[in-house]
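Enquirer: Taken in order, these protein sequences are the chains called A and B. Take the first sequence: its position 312, counted from the start at 1, is 315 in the numbering used here, and no numbers get skipped. Take the second sequence: its position 1, counted from the start at 1, is 4 in the numbering used here, and no numbers get skipped.
Rather than coming from a laboratory, the hints here were simulated on the basis of the structure. Heads up, a few of these hints could be off.
Claimed, not checked - Coverage of chain A stretches by chain B, computed from C-beta distances (three or more under 8 Å per stretch; other residues unrestricted):
no., stretch
1, 37-47
2, 60-70
3, 143-154
4, 221-232
Unchecked claim - For lysine-lysine, the following DSS-like pairs were computed, each having C-alpha atoms within a straight-line distance of at most 30 Å:
no., chain 1, residue 1, chain 2, residue 2
5, A, K51, A, K80
6, A, K51, B, K82
7, B, K167, B, K140
8, B, K167, B, K147
9, A, K283, B, K82
10, B, K180, B, K20
In this text, a Cβ means the ideal position worked out from N, Cα and C, and glycines have one as well.
Each chain, letter by letter, is given below.
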Amino acid sequence: MDYTDEDFDTDQDRFFGFYGRGSVYFGIVAINLVLTILTFGLYYPWAKARTRNYLWNETELLGSRFTFHGTGREMFKGFVIAYSFIILFYIFYFWLVSSDEPSLWLFLGFFFFMFVMFLLLIPFAIFSSWRYRVSRTSWRGIYFSFDGRFSEYYVLFLKYAGITLITFGLAAPWMRVAIQRYLMRHTQLGSMELDFHGEGSDLFLINLVGTILSYITIGLYIPFYTKNRYNFTVNHTTLNDGTIRRRMNSILTGSELFGVMFTNFMLLIVTLGLAFPFTKMRYLHILLSSTEVSPQLDFDGIEQTADFYNRATGDEMLDILDIDIDF
Amino acid sequence: MSQGSSIHTALYFDGIKAQAIEVVVRLQGYTIYLSDQLDNGLDMPSWDLRDCTISSLNTGPNLTITHGSFPPETLVIDKEANPQLIAAIHLESSLLEQSYQKLGKLNAFTLVSGSILTIVLVVFLYVQYLSPWVGEKAVRLIPKSVEAQIGNTVANNLSAFAHKDSIKTVVLNQFYKGCGFQSGYDVRLTYYSDGIVNAFAAPGGRIIVYNGIVDLTDSYDQLAGLLAHELAHVNQRHAMKNITRALSGYLVLSALTGDVGGVSSIILEQANQIQELSYSRTFEQEADESGLAYMINQGIDPTGMVALFESLQEYSGAIMDSIQVLKQINNLDFLRSHPTTTNRIDYLNEIIKNSDFSNDNNIQLDSLWRLLKDTKD
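So that you can see chain A by itself, here it is in the shape it has in the complex (with noise of 0.2 Å):
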């Protein structure tokens, strides 16, 4: 690890802010159902776009706001293609289901599909919505841009699916952190560089340690569990401006945390899941104040130049596959 890791003055203002409110995302969340039911789900990129229009926007760093450049439009190419999938789905297993001696063709048609759809679609979608999300997010007039490769991904992601699905799933962690390494390591703020320097032996002790006192505290534990991996993504999150490499910071605390996620919890019971709305934004809020960015690095020095601008918005944004994945 060559990256400093030095005491982070919590008195200063470089933590992360969320300032959404319930009461307007209730009205984003509410009219975005609506008009997807009402489309046949057709309407669901703009609806994401919306969405996202909004939460990017109330989040704020350095007091500038982020933006979403991102459009229902380029979103909803990628979007058919995925529900063509799904209907192509229903359409195999219907044919399979309805006939009496399914031929041999079908049954390996069948499996072929949802070998492609597994080892190709899924890993694809997770590159394409890191570089479409990336590539659409800007911050004071500077784009995210990210740099991978889909060829050099997609080595990374079969070695590594090899790999965890001959230890039936143990190694699963080192994967994940693998991925994120190469999505991060690819990811910049116009000059501003990232990179992600977890372990997955860290994250496997996590996930061990977790998972059984979820059981044993019969959830109780989840709220520190939970914790434990948004720290461990957020603290081996590295910055580099150009001079200094610092990583980033988070101070949030399982008892913070519980606390938060009890009274959500609670919420959506007596509300029958309707103050979901309300319950996102307190999660987001905790999370990201709790975040915070070290004082010594440059923000204002950040440059953008037209090489990072044309990449994060050119015409190869073409085949935008984007799924909603959780990182």
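Dock chain B against chain A, hints included.
Expert: Same frame as chain A, but now just chain B:
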């Protein structure tokens, strides 16, 4: 519009560095003028609002205006501190929007509505063509025990308000056994004496016969033809297929949502309406062909079936003239669900002409048939 003496300030980002620059903003007509507040002599641009993108979000504390592709210049105006400027910009941009910016919005709208129309078309095609096919195939998912259950429900419901003739029911079942037709189901016939000219097959092997149609027959092979026809409906699960066809849309939906319980209850509810379901021409043709085959196999004269249909045709001609028309229609006339067109009779004759069959007189069947027909009800 005059800005008065109030100075509007905002944050300007030049899209090359992340450093914020405080500027003074002035709106004149549809042009935004920016000047460097610190008077550093920096060359500040003026923007034509028509070249700018104004953030469409109503939330958040700022109004953001972006200009240019590279570098993407951004102007961030605090809403609370500059209400008049914000209002003026909104007014100006809405005036401009009416002219040409609306075109951009249209595309998203046409895209979605075009897709909706496509979906409606696909749904229509599905309902008309694919759904019936799905429904028929879906019948394989229904086990025979369920079919039998449905059939029993129908038969039992009928007993509630129809007059079952127990003795003739026994005779009828003996007659059927005497015919020797084969079936994978447990076939049980019931004889009702309500005067209705009808017979139908419920799923699972229950066959209902009314005395009206039996009285119309002139020989035992005509009755055998009727039973063969109905048996074909049973063996080929026509009644069940009708149900699943009608429910195919619902079946697909419940398969997608995983709701299985709802389907079976709907089916049982609909069970009573089987009597009213009229078979498609394909089903009728299948039943005719199979019925003929059954008869030929068992050495019963297949022309009996043709004769029955001819009698029915005469009968339909007769009732058209009689005042009993309304009464018969209410009694679910056999003809309503089994239209006997001349084509159909010709088709049957064609098959018979090309078949070898024996014409032996079956005394047992003959006497059983006479019992059914001759006894006064």
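Enquirer: Of the numbered hints stated earlier in the document, which are not met by this structure?
Expert: Hint check: 4, 7, 10 fail, others pass.
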